[in-house]
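Participant: Each chain, written out:
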Amino acid sequence: DGGITQSPKYLFRKEGQNVTLSCEQNLNHDAMYWYRQDPGQGLRLIYYSQIVNDFQKGDIAEGYSVSREKKESFPLTVTSAQKNPTAFYLCASSGPRTIGATQYFGPGTRLTVL
Amino acid sequence: DAKTTQPTSMDCAEGRAANLPCNHSTISGNEYVYWYRQIHSQGPQYIIHGLKNNETNEMASLIITEDRKSSTLILPHATLRDTAVYYCIVRVASRGKLIFGQGTELSVKP
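Those protein sequences? They're chains Z and E, same order as listed. In terms of the numbering used here, the first sequence has 79 at position 79, counting the first letter as 1, and numbering is strictly consecutive. In terms of the numbering used here, the second sequence has 9 at position 9, counting the first letter as 1, and numbering is strictly consecutive.
Quick caveat, the hints were computed from the structure, so don't treat them as lab data. Don't take each hint at face value.
What the hints assert, rightly or not - Reference listing, derived: stretches of chain Z covered by chain E, where coverage requires no fewer than 3 residues with Cβ under 8 Å from a Cβ of chain E:
1) 41-54
2) 105-113
What the hints assert, rightly or not - Listed below are the simulated DSS-like cross-link pairs for lysine-lysine, each with C-alpha atoms no more than 30 Å apart in a straight line:
3) K9(Z) to K97(E)
4) K52(E) to K71(Z)
5) K3(E) to K83(Z)
6) K70(Z) to K97(E)
7) K69(E) to K3(E)
8) K57(Z) to K71(Z)
9) K57(Z) to K109(E)
10) K71(Z) to K9(Z)
11) K83(Z) to K97(E)
12) K109(E) to K9(Z)
13) K83(Z) to K70(Z)
14) K9(Z) to K70(Z)
15) K3(E) to K52(E)
16) K14(Z) to K83(Z)
17) K3(E) to K97(E)
18) K3(E) to K57(Z)
None of the values given here were measured: they were computed from a predicted structure. Note that the Cβ used here is the ideal one computed from N, Cα and C, for glycine as well.
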């Protein structure tokens, strides 16, 4: 059963702690993306990666970091430098190689920083 | 990417067709029209996309006007599970980013 998985669905952290959100896909997609969604708002792009070992900043990359060591995985770390980390985080992927191909989304991780 | 305008909310009776309009009057020739929907607290779900011609798949139909300045997403027989926020996005095929606006909140009622 192909798709995109994000874990966990809900995540709670104390202020000042780094936290890593998981995103895995078995669609053989080359490109992967991280978006952030705040209540009542649209999605904003954090980072994206077109190929393994390469990634680019999106519109709101400050306070976040990513890695792309495997085609299937694109974890996002929310660092203590991110001023307002509480949000709904969505991972997406698209393929084949063309960056403009249709994006498919995972179920999301809701992060709450206490 | 061109800006889109959608109504904030719409109601539809269960079993009837839901017609969701989108205005994209500044669309350029290489921009596609995409539709996604998002059910509360879930990831957005891809529905359909098109460039010039009308498109149909198992979920919906997309009607694009001849001048491409507006489009309509049609859910032929709406069910309660179609209640969601529907986003119309105009995008150049080579761009990675999807720009989600406020969307239309569709409520399907029994």
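Participant: Is the Cα-Cα distance between K3(E) and K97(E) 30 Å or less?
Facilitator: 14 Å, holds
Participant: Would the pair K70(Z) and K97(E) pass a check requiring their Cα atoms to be no farther apart than 30 Å?
Facilitator: This hinted pair holds, its Cα atoms lying about 22 Å apart.
Participant: Between K52(E) and K71(Z), does the CA-CA distance stay at or below 30 Å?
Facilitator: 33 Å, violated
Participant: Sort out whether K109(E) lies within 30 Å of K57(Z), counting only the CA atoms.
Facilitator: Since the Cα atoms of K57(Z) and K109(E) sit roughly 42 Å apart, the hinted pair is violated (cutoff 30 Å).
Participant: For the region 41-54 of chain Z, does the count of residues with a C-beta closer than 8 Å to a C-beta of chain E reach 3?
Facilitator: That given contact holds, which follows from 5 residues of the region 41-54 of chain Z lying within Cβ reach (below 8 Å) of chain E.
Participant: Does K9(Z) lie within 30 Å of K109(E) when you go C-alpha to C-alpha?
Facilitator: 29 Å, holds
Participant: Would the pair K9(Z) and K97(E) pass a check requiring their Cα atoms to be no farther apart than 30 Å?
Facilitator: Answer holds: K9(Z) to K97(E) is near 24 Å, not above 30 Å.
Participant: Does the alpha-carbon distance linking K57(Z) and K71(Z) stay inside the 30 Å limit?
Facilitator: Status holds; Cα separation ~18 Å.
Participant: With a cut-off of 30 Å on the C-alpha distance, tell me whether K3(E) and K52(E) pass.
Facilitator: This hinted pair holds, its Cα atoms lying about 17 Å apart.
Participant: Has the region 105-113 of chain Z got at least three residues whose CB is nearer than 8 Å to a CB belonging to chain E?
Facilitator: Satisfied; 5 residues make the cut.
Participant: Is it true that the CA of K14(Z) sits at most 30 Å from the CA of K83(Z)?
Facilitator: 13 Å, holds
Participant: Decide if the proposed pair is consistent with the structure: K83(Z) and K70(Z), CA atoms, cutoff 30 Å inclusive.
Facilitator: 29 Å, holds
The structure does not agree with the numbered hints 4, 9 stated previously, though it agrees with the rest.
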